[in-house]
Amino acid sequence: MKKVLTLFFCCFWSLLLPAQVDLADLFNDSIVSEQALPVLATFKSPRVINAQSVETVHKHDLVFLVLHRFGDLAGGNGGAETFFGLDNSSDIQIGFDYGLTDSWSIGLGRVKGAPNGVNTFQRQLFYLNSKYRLLRQTTDERFPLSIALFGNSVLSGMKKMDLSTSDANFQESGDRWSFVAQLILARKFSPDFSLEILPTYIHRNLVTYMEQNDLFALGIALRMKVSRRMAVVVDYFHNFRSQESEDYFKQEKSFRFYNPLGVGLEIETGGHVFNMSFTNSTAILENQFIPSTSSSWGKGEFRWGFSISRTFSLDKSRRDAGY
Amino acid sequence: MYGLGTVLLKTKKGGLLMKLLLLFCLAFLSSGVAPAQILKSTDVKLSFFSEAPIEDIYAVSNQGLSALNLQSGVVYFNVSIRSFEFEKKLMQEHFNENYLESEKFPYAEFKGKFGENIDPDFSGSQAVTVRGELTIHGVTKSYLVKGKINSADGKLVATADFPVALADHRVKIPRILIKNIAEVVKVTVSATYDTTAGVAGESTASP
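Here the protein sequences come in this chain order: A and B. For what it's worth, this note's numbering labels the leading residue of the first sequence as 1, then goes sequentially. For what it's worth, this note's numbering labels the leading residue of the second sequence as 1, then goes sequentially.
Extracted from the complex, chain B is given alone in its bound form (with noise of 0.2 Å):
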């Protein structure tokens, strides 16, 4: 095997098309040394709301995970079930026991990926769509969510809501219930990353 240089002086008639191949070389390997920019966020907030005309239920995460490439727009969501707060004890109890069986599917996942192109250094409020896959009691759908990206003093804030059918999951009401839980409940999600502390995944420091 060759080295570069051994290459490059043994094929001088290449000429141009060699300095070409060598600058695209080079510049890839530039790129490779400054890192694809990955904002990482464990500032997620998530909350649903169920109406239904007995009694309203709200429940909400501040413990959510997420991770953004500014470079690809691939996005990606986790929260731990056990980690929502109702109010009632009892009804979070019921919740993880019975309706999402935390036991068996402890997370939910979101992987997806921006419509648009996202600028780092944009200022300002753009409304963005994101296609992805949804993971909640072990099923898998597509979604797609339009939120809403705000950037001010370095923070990037990702914020969306969209409606989640409970049946799409597999999630069983007992109809004896059917009046105290929605058969579709809407989903809050509000994200805050960082983008001065933007770094690769490697060398990131759990929280």
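Chain A extracted, bound-state conformation (with noise of 0.2 Å):
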């Protein structure tokens, strides 16, 4: 009898088994399938500080921005005589970005410009630029890395300058011209720290005395969190100038090249991110930041930045589609 009920039991719980599978368990070929998204967000906005980032503006989204950058904070031209350099504005650009696609943006607008006086004089720029996303990465893994391409091209709209040794004696209407091309190889390592290098050349048609028409710089840009909203943003970049350039301002024009840093702080309030951030480098487009930089952080050379930025959502479709 006793054997009857063992078997009867063994009975009702093997087939009991099956009515026990969990029905989360019916979704686990789906649910792995839907990993291979691509990255979001490894860098806040399209630009670092100084730097290009690897994001692009979103499809059909129109951004109005004005970057402001002002007077050295200390040293000879700062100190509370400038008001910590609130009382001079060394660059400013306004400007609009433009996404044509997820992954296609184009930019315009116009820079002050802030040339030093010795290997740079060109001022009133206008550019136009362009930055195309290659490849996301994906949480999956199967491609590690983000890769984008920048270039801009810039127009100096400014009066020719009757000073025969300097970038802003055109003869020519190609002389007002200078070019950019990068490329942008990032990587969001975990939910926290971002990282991206640019290799980057600059050409400009026409320069200064002993100043390189074509000049290689490399470019490093990283984004740490350092609480839910708030994050650590550092970007620098280094010149592959040549020694016979260097030496030259040197010794005749007593002009030192400093390597352009930037360290900021990015605060996200969900809609907008602020961003506060500290540069030695006066001016804001890359073909005069990376090539003309002269002043320097250790002498208290650097200045406060900031940039706001508006995004208008000019997709109509996804409004119809009552998004």
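For the record, the hints were derived by calculation from the structure and aren't laboratory data. Where hints are given, some of them may not hold.
As the list claims (entries may be wrong) - The calculated DSS-like cross-link candidates involving lysine-lysine, where the alpha carbons are at most 30 Å apart (straight line), are:
#	chain 1	residue 1	chain 2	residue 2
1	A	Lys250	A	Lys160
2	A	Lys225	B	Lys104
3	A	Lys59	B	Lys179
4	B	Lys186	B	Lys111
5	B	Lys179	A	Lys225
6	A	Lys59	B	Lys186
7	B	Lys104	A	Lys59
8	A	Lys225	B	Lys141
9	A	Lys299	A	Lys250
What the hints assert, rightly or not - In silico negatives: residues of chain A with every beta carbon more than 10 Å from chain B:
#	residue
10	Ala80
11	Gln171
12	Leu185
13	Met224
Said to hold, decoys possible - Looking from chain B toward chain A, a few residues come up when the C-beta cut is under 8 Å (computed):
#	residue
14	Leu65
15	Arg82
16	Lys88
17	Glu103
18	Lys104
Ideal Cβ positions, reconstructed from N, Cα and C, are used throughout, including at glycine.
Please assemble the complex out of the two chains, which come individually in their own frames, going by the hints.
Pasting the structure below:
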């Protein structure tokens, strides 16, 4: 009798088991396959501080942006007399970025220009740039990097300068142009840490005597979250200037080049990212801040910079779809 | 160990009780061959609506997953946080990055049980209640949700809406945006199950 009962319960339990299957297990396959998504927000805006980030503007978004660099915080031109640089503006950019697609954005605008009067004199700059995302890092690590290409063409609108050795002594209209081509390789290592490197090529049609028409530089930028809404951002460019050129400016003009280093704090409020940054470079555009930074962090020649941006969503199709 | 047959032969005197037991065994065996009726659906639409003084925010995902065990009344939902679409892409990015932290918590999940029996063969509308656990942003809370099941043409459509307080799931709103984002959002869910394709869990092909 006991044996029969045991048997009975054996049957009973073995039959009950299939009914115990967790319904969640039914979707194991489909949930795993969804993991191959592009990584979001490697950086929080198209610009880190001085460097371009790998991010582009979303499709049909129009971004109005104002970037500002104040005067030297300390050093000879800073201190209390200039209210720690806030009385001066070394460079200002006003422009628009527009997302043609989710991976291609273009920008145009006007920049004051920050000539240092030794190796660069150009002011009144107009620019037209383009950034294209070639590849995106995926959450399943099938592709470990995000890659973007950035190009900028800049035109100086200033009056010809009557100084034959300067880069503003324009002989023909082509002399007013300079260009930047940049490859951006980025990786989000964790939700809290992103890094990118930026091999950069700058070509300027007209340069000051002993300056280089072609210049290579290597940039690095990183973003590190320190709290849920705050992140530290840093970017730096190393110039590969020829020793000859560097020596000439040092000996003949007692002029030293410095590599631009920006350090900032990003505060996210959900709708906006406020950027509080400090940099030794005075200029905003790559064409100027990479080859022509002559101010040094060590001498207190760094400044406060900020950017304001406002995004307008112009995507009608999404709105009509009821989102 | 004796086989079932030998046991039965040897215990002839057991009589009626044995026959009943045998009957039970057979009944269970046959019910095991015809598996528990589990309905699976990839036709699940989820949305949420936030109503605040400055702006209303609406997001929708059509990529929800659901399964329903008609015998036990157990129901399951799963949706990828990344699949929610917003009117503003930037808002969608912030939603993933700052609020729901979808890299750490990629899914929202609901495991529940119906308070009523559901007859797959009925036709019409039936009010139901579901009690269960909802996990959003890695935080699990108990919910009692009132919904409706409509049955027609071999299809079961389950619909419900219920409020979710963001604070319950540790989703924090910065004070500066308190006028942009509601503290309690309305979640709407609608799942369509094909009753004619009801199959057992193991043999179900992935969508």
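Okay, the hints, checked on the actual structure:
no. : hint                  : verdict
1   : A:Lys250 <-> A:Lys160 : holds, 26 Å
2   : A:Lys225 <-> B:Lys104 : holds, 15 Å
3   : A:Lys59 <-> B:Lys179  : holds, 27 Å
4   : B:Lys186 <-> B:Lys111 : holds, 19 Å
5   : B:Lys179 <-> A:Lys225 : holds, 26 Å
6   : A:Lys59 <-> B:Lys186  : holds, 28 Å
7   : B:Lys104 <-> A:Lys59  : holds, 26 Å
8   : A:Lys225 <-> B:Lys141 : holds, 29 Å
9   : A:Lys299 <-> A:Lys250 : holds, 17 Å
10  : Ala80                 : holds, 32 Å
11  : Gln171                : holds, 45 Å
12  : Leu185                : holds, 21 Å
13  : Met224                : holds, 15 Å
14  : Leu65                 : holds, 5 Å
15  : Arg82                 : holds, 5 Å
16  : Lys88                 : holds, 5 Å
17  : Glu103                : holds, 5 Å
18  : Lys104                : holds, 6 Å
Violated hints are absent here; each numbered hint is respected by the structure.
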